[in-house]
Structures are given as structure tokens and as C-alpha cells.
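S.K.: If you want the building blocks of each chain, they are given just below.
There are 4 protein chains.
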Amino acid sequence: MPLLATPSTDLLDQYASVRQFTERFCEPLETEDYVVQSMDDVSPTKWHLAHTSWFFETFVLRPHVPTYEVMHPEFAFLFNSYYIQAGERHTRAERGLLTRPTVETVFAYRQYVDEHMRRLIESIDDHPETENLHSLIEIGLHHEQQHQELMVTDFKHVLSVNPLRPVYAPAPALPAVVPPKMGWKAFDEGMYEIGHTGESFMYDNEGPRHRVFLHPFELATRPVTAGEYLDFIEDGGYRRPELWLSQGWSTVEAEGWAAPMYWRMEESRPFNFTMAGYRPVDLHAPVCHISHFEADAYARWAGGRLPTEFEWEVAAQGQPIRGHFADDEYFHPVPFTGVAGEDELIQLYGDVWEWTSSSYAPYPGYRPAPGALGEYNGKFMANQYVLRGGSCATSKSHIRPTYRNFFPSHSRWQFMGVRVARDV
Amino acid sequence: MPLLATPSTDLLDQYASVRQFTERFCEPLETEDYVVQSMDDVSPTKWHLAHTSWFFETFVLRPHVPTYEVMHPEFAFLFNSYYIQAGERHTRAERGLLTRPTVETVFAYRQYVDEHMRRLIESIDDHPETENLHSLIEIGLHHEQQHQELMVTDFKHVLSVNPLRPVYAPAPALPAVVPPKMGWKAFDEGMYEIGHTGESFMYDNEGPRHRVFLHPFELATRPVTAGEYLDFIEDGGYRRPELWLSQGWSTVEAEGWAAPMYWRMEESRPFNFTMAGYRPVDLHAPVCHISHFEADAYARWAGGRLPTEFEWEVAAQGQPIRGHFADDEYFHPVPFTGVAGEDELIQLYGDVWEWTSSSYAPYPGYRPAPGALGEYNGKFMANQYVLRGGSCATSKSHIRPTYRNFFPSHSRWQFMGVRVARDV
Amino acid sequence: MPLLATPSTDLLDQYASVRQFTERFCEPLETEDYVVQSMDDVSPTKWHLAHTSWFFETFVLRPHVPTYEVMHPEFAFLFNSYYIQAGERHTRAERGLLTRPTVETVFAYRQYVDEHMRRLIESIDDHPETENLHSLIEIGLHHEQQHQELMVTDFKHVLSVNPLRPVYAPAPALPAVVPPKMGWKAFDEGMYEIGHTGESFMYDNEGPRHRVFLHPFELATRPVTAGEYLDFIEDGGYRRPELWLSQGWSTVEAEGWAAPMYWRMEESRPFNFTMAGYRPVDLHAPVCHISHFEADAYARWAGGRLPTEFEWEVAAQGQPIRGHFADDEYFHPVPFTGVAGEDELIQLYGDVWEWTSSSYAPYPGYRPAPGALGEYNGKFMANQYVLRGGSCATSKSHIRPTYRNFFPSHSRWQFMGVRVARDV
Amino acid sequence: MPLLATPSTDLLDQYASVRQFTERFCEPLETEDYVVQSMDDVSPTKWHLAHTSWFFETFVLRPHVPTYEVMHPEFAFLFNSYYIQAGERHTRAERGLLTRPTVETVFAYRQYVDEHMRRLIESIDDHPETENLHSLIEIGLHHEQQHQELMVTDFKHVLSVNPLRPVYAPAPALPAVVPPKMGWKAFDEGMYEIGHTGESFMYDNEGPRHRVFLHPFELATRPVTAGEYLDFIEDGGYRRPELWLSQGWSTVEAEGWAAPMYWRMEESRPFNFTMAGYRPVDLHAPVCHISHFEADAYARWAGGRLPTEFEWEVAAQGQPIRGHFADDEYFHPVPFTGVAGEDELIQLYGDVWEWTSSSYAPYPGYRPAPGALGEYNGKFMANQYVLRGGSCATSKSHIRPTYRNFFPSHSRWQFMGVRVARDV
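Residue numbers (our numbering), protein chains in the order written: chain A, 1 to 424; chain B, 1 to 424; chain C, 1 to 424; chain D, 1 to 424.
Only chain A is shown next, with the shape it has when bound in the complex (with noise of 0.2 Å):
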């Protein structure tokens, strides 16, 4: 991770701008919501406010400012999240039992740190670790950005269990569109390179920079739409154990899945509950929370199969970063309203995340970093799928080709979605 020239000032306004994101989504919320942990998979929002700002603590503060005091000594242990060498933590699965501290005082805690980042970004030129000090920064912005987007998803998921069927936001109005018909972009078989250059931000996941032999292939232009896939579940998707892997199909079976996640078919119609309420499908967007399981077996149904993490990057490289992102602040994807050529692909970006046949495993000769920081990614490579391209819970300036995000198969409560591939 290199150091970026970014002046301070510049630096100053990142760090603010990432920071104050995360709270502008906090503002319709009571205080009651920012408690309940939904599932083991969900954070409280009240844990993520917290955790995010323990990341600044533990990383950047505690071992690069002498004169910095924790606000208390207790936060250590209850907002590390997974980083062993950083010490003892708090069992995840009990976050939604701590009713202190109170909201009032993580918030008071996210100033504190705030006010000793601020501090330190004014004078980050004198120190005498400059570079490493923005990288160490600059990892934690984007580890705030990827918690943001958890923010969202499993705050969804804590309205989604309340009979009450609570709104975190009305939806806007959208244009009525029916997106174009589905098409087919070619990539010859040949040598590609695969991987970040490394000359601005990124995850070490993403490197290192190596070549990929790839067959020729075909990928579709665009994600598959729900009402795509509600054609799918009509010719019998979900009862049709010929179409799923072995594991998918006994997660159907044990779990009773008929539908995406968050769907409920009323007279024949689906709905499903989204942060703007419990609302009709739109059969235009892309279809979203869908699992691996799901993703393989819609695939198989339609012909095709998904694409590798390969396949995706260099068709995605040299692509615009255009799609809907958490800057449009309206977290549900939403139907591609443009104009487009045949086999021009678009939504790569923003809406949904993309499944892929990619088992989440590292590039050849790559290296996790030494202390508590190498946990970020290497020790999950195991057991995980890869998607790419980011979703409407993603910030825009958060994503690019190289971006790897990862889930276990069965997880849908991402706003993860489908595009196919082909052989040739």
C-alpha cells in the first residue's frame, strides 16, 4: 500500500467526509434501532459506529501517538472485531445484548477520535512516519466505507424482523423503464493480467499484479432482472434439485427457500421488504439478495454459468465506474434507465454485487502484511465465493475492476445479484 501524495488538507477532508457519511445514515433512526443484532451475521449500528473508530484507536492513534489516552479502557475489548493479535474481544454473536454504552456515548467517542485524528492529520507532515501513517489512514477510511455498506444491510435486516414493517426512508419516484433486451459481449481466449498495479489504493487481496490464461468466453451485458428470475421460480427454479449444487440444494431443502431473500408472494405477485417498506418487486431492477446457491442455480436454468473472478475483471477493465451507489442514498438497485449498445455492458458497477464461480483464495505470491492488520483478508480465504462491481450500498469512490468482496454461498443479505456467463 503506497503512499498517496495527498496533501493534508486533503487528507483532512477524506477523513471527514468518510466520517460524517456513516452518520448522515444514522439520522432517521431511533435510538432503540441502533441496539438489536438481527442474526449473528448483523452488527448493531451502535457496534459499527463504535468498531470503526476503535479501528483508528488500535491502528493509528494508540501506536503513533504517544500522548493519546483511550476514552476507556473497556472499548478495546468490546469493538475489536476479528483481529486476534490485537487482543481479546467480545463474543460476536452477543453485540446485541450490550446496552451500554448508550448511543449518546459512542457517539461522544467517535468526536474523541475524531478530534486526535484531526489533530494528527494537521501535523501528519511532521511525523516521522508521514507515509505510514497515510496508508494506515487511508486503509481505515476505506474499512469505514466497507462498514458503511454493513450499516445498511444489516439495518435492513433489523427492520426486516419487526412485524411493524418500519421504513428507514420513502422511496423516490422512478421512471417506469423496461431495460434493454439481454445481449452477449465476446472475449477472445489469450493471456490477460489480473490484479491491482498498486499506484493508488488498495486492498492486499488485490495483488499481486500476475497473468491469467482465460478461454474464450461470453458474458451477458447486463445483471439478470427480477423479473428474470421470477420466471425462474415459476418453471419450478426452487423444486427442481437437477439445477443446484449438492450443498445449495440441502440449504433450500433446511431452510424452505422459495424466493430471494425478503420476498413473499401475495396472489401469485412478489413483494419484498426494502429499507423504503414493504413494497411490490420491481421486475426491472436487478434481482438482489440471492445466494451463491441461487446464483449457480439460476445460471444452470438459463444456460449458462456464472463467470469467473478473471472473467469479470477484464471485462470490467477500461469500463466507466457508472451504476447506483450509497451516494444516491437510496439503497435498492434500480432499473438501468440509458441508452445501450448490443454488447455493451452495463451495470458492472453499483446496484448489485455479482457472484462469480471464484473461489476467494490469494493471488499467486501474495503476502498478508505482518501484525494484526495481515488478518484484513488473508485468513478468510477459505470457503468464500468472490463477487465484484459493488452495489447501491457501495460509496462510488470505495469500488474499482480490481475490488474483491467475499461471502460464504450461502449468505443473501448483501444486496448480492447475478450476471451469466458463457463458454463459447
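No lab work stands behind these hints, which were simulated from the structure alone. Hints may be right or wrong, so weigh each one.
To be verified - Covered by chain A, according to a simulated footprint, are these stretches of chain B (three or more residues, beta-carbon under 8 Å):
id	region
1	93 to 105
2	157 to 170
3	220 to 230
4	377 to 389
Note that CB positions come from ideal geometry on N, CA and C, so glycine has one too.
Start from chain A and add chains B, C and D according to the hints.
M.R.: Only chains B, C and D this time, still in chain A's reference frame:
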């Protein structure tokens, strides 16, 4: 449940007094404190506040006040506890997942119900069902008193799982006293009357009054103290299977029990978590937070046995209702400070519920009331054991000699203790 | 447990007779049949064969025959059931994982123990502890009779989980009879003597003999038949929560119960799995394989209640021990074929164990024996309910009016039925 | 899977030879040994014997021999493993609950199928589908060879849970040898061909043959020995989370892993359970019974990494198939006894399966066969990792350079070991 000839003004006072005591308990709470369910047995404080209001709404206002309109149509679903005949209900284990209604709304709900109850009570003598309404309102008030006790024990558990060890209220200064030596009071064999006469308020499970034949027995003059219980621990009580019921021993092994709930040994000295925070165990106070299994093993170790609920009730007949209650607002048992004769029974009431050896079962001729209120007691008469006498979290006006509390053998989160009996 | 003045030749006959009956049951079995544990409650037949021998080895031969050498040092570990004071034991739930010792070795172990027991009994009058040995051997024989019953019910379960629906032995031809109309026998209130006098063999849980006061009651003249139970089912018995204890209803929902264990409806006609294979339910025979919860719900539906174990014992005093037993080698309850007066109690013994409303608890003054044998009964006196009267899988010589069997409320795999009582 | 121009007499020989080898393994077994399922992953020996026969019945005899009649109509239900398109099947976890069919009947079933197979093969050249039948029979034989390996590892587990520590067969006398020093063989970066050419038998998952680009790498000349693995243990390998994948560390903690499966430390010396009983670990033999997580942690500790399956296959191309196989009938890895050049790869085949870092996934252009046989491989391509090279329980004729075995990351009951790779 006969009519009490309570004038409506007195009933209004009673109503106000009970309802206010509930809210008084909440005064030290933060908003976040109301939301959490720290284990399946625990309900959030918010839920208790709403459920006790739902009770009046469901059993008094809706059936008997034709003009009454519910404040929110979903509250009947959210705040029904276990009354199957009162309709569908929210899953018990998910009470802690509800961020809404907010605490503010729940207090508004209480006010809304209170206002309608006030109007009803003021005109109760003109109502065609005056007697019946009196009875229902009395049940509702006793029901609320039961939930007041649960609010204490549930919230204690919520605080206890927090590594920050929060304090509900600081402990008062207590005199340092040594309780009197344990004595034994003897009772002759013979026929005794058991159960409530029905001349004042009673739950249906306290009747019918009936005769039992008892063999001669002796009852300890006071509950076992924490210090005496510590002797049992230090004598290997938790490591000697021969002292335990088979199911008790399995529980000891499965749960890793080595002391009462909330205890922790630090350098061989016992500390415990209390509503006043984490403190040294008061060795002169009655031991509390022990299960039926532990009470039974202790009694066996001490050369005695648990009393039956009939023996307890016979012993309690004619005794004054003296002890430490919720009214004292110090939610922990307290050492006996008075003077007592050698075979005088002390602390029969208050401080700790006393486990008996009696399985909770109907009295001869028992019939539950018709309708949903018939579910109040009868359907729980299996695989639970009876406790008698009330605790430091019980209102003094709530307890009486015939009162039957009941919990499963492994339960420990109530203020449960033990008084030993023995055969002659 | 006093000495029976049984001459040693008679004792030898008794010993031989009980031991042979165990092996007689095994005659139709294949080697594979002995190995399987089809649920945690079930033990493999092989285990029962060995454990009953281990019992004589552990409590008679090893402590009282100085020259006795065990056949295999590991058998004490493998075949101890639950006697903590007799040493470590193999995990109960893993009894079905043992391929060795083989069935042949287990039979050899029986022979080995039998041979040493024969020698001991032949010279028992010369032994310094004649009386004590008599008692121990009698316990051992009654213990083996209990396991004979478990061998039947356990093996029935093993066969039942096999889709091939194997038959233990074909059913005998039974006369087609209609049982007499249900009548009621009345009993006055009063003091009654309960428990064993100790003049012949008894388990410690049957004493001390003591007095109880009973209110007036009536007892049904016969157990409920399968046909009557079918009426309950067809009247929605399993769909009406108001008929059930709360824990019973949870069990109905969690387990999906809709009929007794081993029943299956085919085109609205009930079939059941029996030791004679899968057959139509005999509607005139007593219903069996119902839990305490089901017995309780049935009784409530029928307008009655379960009898207490004291009521049952009072009713049984002086009644002849008549019914169908293991001795008949038809391991299923059979319709009553005799003639009976209007208030004559029939089938009190044999056919089906009758659930009572009494929680299994010690009688006043009960003390378990010292040492490991004291674990036989006392430690199980919690959260179980008493059954009385024996079943079609009980040996006739094993049962008596004071005999107390006990199982948890949800257990169904014994031949458990119900006789209704009611208040006057 | 193309036709092998195998004359029918050779096919008959092959058929007889494979089928007999299965039964030969069973010779030392007692009847009881065939019945038990000691964990969910394990199938009873009896089941393997029947399932491999069911395979020929279902895919060869029933569809292609019009006159064939099944021996028992329920066997199709009982002995289908996971072929959803071949009909309903018995629950996997309940295979150990079946006492019937008896072992004798299962052997009769084998004979019955063998007799019909013999007749079919003798006249195979006259059959309208000669080629297809050849293919199906070959799959059936390779399928049976896979189950032969599972019979060994499953039965080893069955024996291991028995406190009597039974012995399958005594260990042969092995020469005491020290394996050669670990060396490294280097491979250049470049394009390589991967997968089976299809000129002889292959499973569908070994193709299509295709090109991959590999970066330069080195592969250890031999598998890690038990002695080297003991160094890892003694260096705190199981206590240092930084060596482990996150999921691996959770598994270590949840399962209490501190050594390979079947190991037990006695006075700091490792012993292990083998088919020859409980014995000191042979420190010079390749370590076995380690999970993917352990292999990965070991490699990290040793400064390397796991090879990809492509690296392994490239290294194996052109190497002789040498090592210890099931054919040797000593079902445990054995120290290398030969002489080897410094960068000569030894024990690539046999002894232990070698974990790779490759998630089990389809090769480019992979299509499973239509119908139930298409379920053989493809549907398992998720959340499993590839192992290469065969083990001491694999038949020599079964293995080849392109062979892909696969198991979940936590599996340890196969003979799984590790060979380290490293970047250049």
C-alpha cells in the same frame, strides 16, 4: 375469584399505585436498557411495560368497553405472551429484536390504556358487570406485580452480561449483623387445611381449599445463608454426584456450575453481580440464585431435605408477613437484623423464594377458569417445582401464605433460595 | 429389603428361570439385531444382555466371592449403566457404536456369570452373608426383569425404524371381542395406607408405608381403548391447544404428533407398528404408546383427569393380578375378553402401564440404600411421572400393587396407556 | 468416457477382480462389524457392499437388461446414496439403524447381481449398446474402487470408537528407515496442459483437457512426515492463531484439535489408532489424517504454501505410479525405502492423499453427463478442496495423474496428508 367490596376510589388508587410502581422502577434506565433480551427466559423491559398494558386492554377494555378503540392494531400480536385463546403472538425468543415501537411509544401506550382504565373505574358501579370487572382489574394488578418482579430479575440479567458491569442503583449502607443460629421448629402429624379460603384475592391455583395429612416434620427457622452455602461449595458440593439428583448432576456437568448464578470466585472469595453492581457476597444474607437442583443437593448435604409446599404453608399459617420486599427498593436479600426466639420462623416472607420439593400440580377439584384467562396457571402444571414466600423483588401486598410460585428445576435467575426441612 | 426365606434350590430355580426368559426373547433375533441403538433412549439388545450380567458381577460376585475373576477388565466400563459410584462408564448415546464384544462373546459372558452365580447360590447357606446375598440376588433378578421389558420396547423401536418393516413374531389369532362399556367405581374420602409392607421383595421407592388422606374420587373400570382414543383424534384432539398442558402443546407442535407413537393413518384408518409387524390398530385393545402429555389431554377431553398414584394404589389394593403379561409372549395389549360387573375394575395389571398425575417423588421418610445400589431409584425423583400396573411386556411375577414405574412426560416408547379418574 | 476396446473376457476378469477385492477386505470382519455407522460421514460396511451392487443394478441391469428382475423392491430405496434422479432414498445419517437386510442377505444380493452381470458381460458384444455398456460397467468398477477406500476409512473409524481397541489385521514387519532429506523441485512459468485426454477411463471432472498458465514454483520432493508434523505441534502449531485460516482456527477451538485425528499423546510420545491397532506413531512415515486447515497451517508454519492442483498435476506428469496402495493390504502410510535423487519427487502416489489449495471447481467447458449419472461429480463442486495422488487405501489401478479427489476443509478421516510448495 370473588368480588372485593372495594369502593371505586380505592380501586383507582390501587390501580394508580401499582401502575406507578412499574414506572418508578424504570427511572434509572437509559433508552437502550429497555430493548435487550439477554436470554430466552428474559423479556425486554419495554415488552413488560407494554404487555401489562395489553393485559388490561385485552381482558378488560376490549370486551367490556364497547367504545374502546385500540391504539395500534399490531400490539395485540406483539404483546400477547402465551394466551393462545387470545390470538396469534410474536415469538417469545425474538422479543429482543424489536426496535419499534420505541420506548416513548410504549409509555404513550401505557398512558392511553391508563386513561381508559381510569374512566372505566370511575364509572364502574354503573357498569352492568361491576363485580366481574372488579375481579378482572384485580387480576390485572396482581399480574402487573408479577411482571414487576420479572422486570427486576430480567433486567438484572441484562446488566450482568455487559462487560462494563453497570449499576442499576448503588447499595444502601446495611448494618453488619450476624444472623441467629439455625434452629428447628417442630410440627405434629395430622390433618391440615391447605389453600385459600377465597375471602380475598387469590389466583385459581391456590384453591380449592382442602385437607392434607402430614407426617411429623421440622422446619429450619431461617433460610440458608450465603456463608452456609459457601461451606457446601468448599466441601466439594459441586463435585460429588452422590449429593445430586441425576438430572441435577447432568446439569452441573453440562453447564459447568460451581456456585450460584452471578457468583464468581476471586482468590477464593466469592463476589456476585447485584443490582448495585459487582460486589463481595454478603455471607450473612440468604443465599439466592440457586436452582431447585442446587437447593435439593444442599439440603441432602446438610442432612435434611426440602420441605413440601404443604409443610411450608402449614408453617406459614398465622405468621406475620415480614421480610425485605420490592417496596424497599433494594433488590437483593438482606441479613436478618431482628431478635428471634429459638424456634421462631424468620424471613419466611421476602428476601428469597424458597424452593419446595412439591411438583406444581392442581389441588383436588381444581378447575381453571373458562376462556383465555384460564390459561393463566393451569396449563403450566407439569415439570415445575413450587416456591413459596416471595422475595426482595416481590411487592409486599402481592404475597400471602397460600401463594404458589413455580419454575423449572434448572431456573436460577429469580431470587431463589432454600430453607431446609427434616423428618422427625 | 428383608430376607426372603427362600431355600437355595428355589433361588437357583428363580435365577435360572429369569435368566432363561431373557435369552428366550432373543431366539428369533439375527446377529445384526443385537447391535443397533435406534435412538438415545434405546439400548442395543446386546447391551441389555451384558448389563444384566454385569449387575450380578458387580454387586454380587466381585464384592462377595473373593476368588471371582472378571472375564474381561473392560466390561465394567462398557456395561455400567448409570452407577457413578461403581466407576466410569461408556457414553450412553454411543452404545450402538460397539461392534465388539460380539454377540457370541456376550452370551459367553452371560454363561460365565451364570456359572459363578450357580456355584454361589448352591453354597449360599454357608456364606457369612446369606441374607444380604439373598437380597442382592433378588434385586438382580428384578433388575433383569425390568431390562426384559426394555429389551422388548427397545427392540420394537429398532425394528420400527427399518423401512423393511420386519416382524419379531407373527400375531396369534385373537378372538374378536368388544370390551365392556366404561363404568366408574367410586371411592370414599379418607385415610389410606400406601406403600409396601416389606414382607416380600420391594424396591426402596415403594416405602416407607405411610398414610395419605384422599378426597372422594371415581376411577374408570378399564383403560381407554384405541377406538376411544381415535374419537379424541377425530374430534381434533391434536389441534386444540386448550386441551393440553403448555409443555405438551409445545411438544405436539415441535414433534408434529398427531396420533400415538407407531400409528400411521392410511385412508383415515389407523395402522400401527407392532412386534407382529405393521397392522391395523385393534380398536378394542387398550391404547398404548401415548405420552403423559397425551394421557393428560385425553383425560381432559373426556371430562376427567388422570388419577394420582395414591388413588390408583388404593383402587388396586386387594385386586387380583390379572391381564396380559410378557409371560404370554404376545407383546401388545389385548382386548378384555372376560365378563365383568358394572363397577368392577378390569385390566388394572398388564396390557398397558397407566399414567398417573403424580410426579415421581420420595415417600415421607424415604432414604436410599447406601453405596452404588442407592442410585437405583432415588436419584431419578425429579421431572418424571409415575405409571402403575405393568404392561404386556412386564413379567407377571414382577408386578404388584405398590410398584412405581416412572418416565418423563414426553416418553412414548413403553407400552403406556391411560385410565381416567374424576372428582365426585 | 469413450469405449475401451476391452474384449469381454478381460472385462469379466476386471469385474470379478474388483468385486472380489471388496469381499476380500471383509474377511477378517465379524457380522456385527458390518452394521455400525460411527459418525454421519461413515457408512456401515454392509451398506457399501449393497450400494456398490445397487449401482450396477440401477445403471446397468435395470435399464439395459429387459428381463432383469430386482431381488428386493426396497433395496433401490435403501441403497441409493445421493442420486436424486434415481428416486427417493433412505436418510444418510440412519444407515447404521438397519439391522436388516442381514449381512448374509447382502452377500446374497451381491451374488445375485454378479450372476446377472456375468451373463450380461458374456454376451455384451451382441447387445445393441455394447459401447455404452462398456462405459457404464467401467464407471461401476471405478465407483466400487472408490467405495473400497471408504470401506477402509469408515471401518477404521468404527473400530476406533470402541474402547476395546480392536485390530483389523496385525501390522507387517517394516524396515526401520529414515526418509531422504526434503528437497525442492523447480518448475518454470509457462502454459501447461491440464486434464485427461480421454484415451482411457476418466471421470467427467478430469476434463475437458485445457491450458493453464502457471507462475514459477517449487514442489517439495516428498510429503511431510509425522516427525516433521510433530515439530509443528511442539512449536505450538495448534496454539498460534496467526498460522491458521480464520475458519480453521474456529474449528481448532470448537473441536479441541491438538494433533492429527487418531493421535493421542502419552507422556509426550505420540500414539495413533491404526488398522493394526493402537500403536506408536511411525515418525518416518508421511503424516496422515489431517484436515485441509491443518495442512494449510503446517505449510504456512514451514514457510511455504499448499500447491494448487494444477501445479501438482504438472509435477506428476510423466512420473511413475509408485507408492503404497490398497493392493499392499497394509492400510497405513509407510516410510519411503528407496533411493532418490536430490530433486526427485517421491511418494507422489499412494500412502497419503495430498491436499491442494484448489477449491473443487469445474474445468473450462465442463458439462456433467445427462441423467442420474451426471450427479456423480458436478453437483459437489462447491466448498470442497482437491486432493491428489491416492493413498494406502486406494487401488493402484484406480489412480492417475489427472485424478481429482475432494473433501470439505475439516475432513480428516481419509488418509490425508500434505506436500508443501513455495513461490520462487
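S.K.: Is the coverage entry for the region 220 to 230 of chain B by chain A consistent with the three-residue Cβ rule at 8 Å?
M.R.: violated (count 0)
S.K.: Please verify the coverage claim for the region 93 to 105 of chain B: does it have three or more residues whose C-beta sits within 8 Å of some C-beta in chain A?
M.R.: holds (count 9)
S.K.: Test coverage of the region 157 to 170 of chain B by chain A using CB-CB distances below 8 Å; three residues minimum.
M.R.: As far as the region 157 to 170 of chain B goes, the hint holds, because 7 residues have Cβ atoms under 8 Å from chain A.
S.K.: Establish whether the coverage given for the region 377 to 389 of chain B by chain A is satisfied; the threshold is a Cβ-Cβ distance below 8 Å, and no fewer than three residues must meet it.
M.R.: Violated - the region 377 to 389 of chain B has 0 residues with a Cβ nearer than 8 Å to chain A, which falls short of three.
Violated hints for the displayed structure, listed by number in ascending order: 3, 4.
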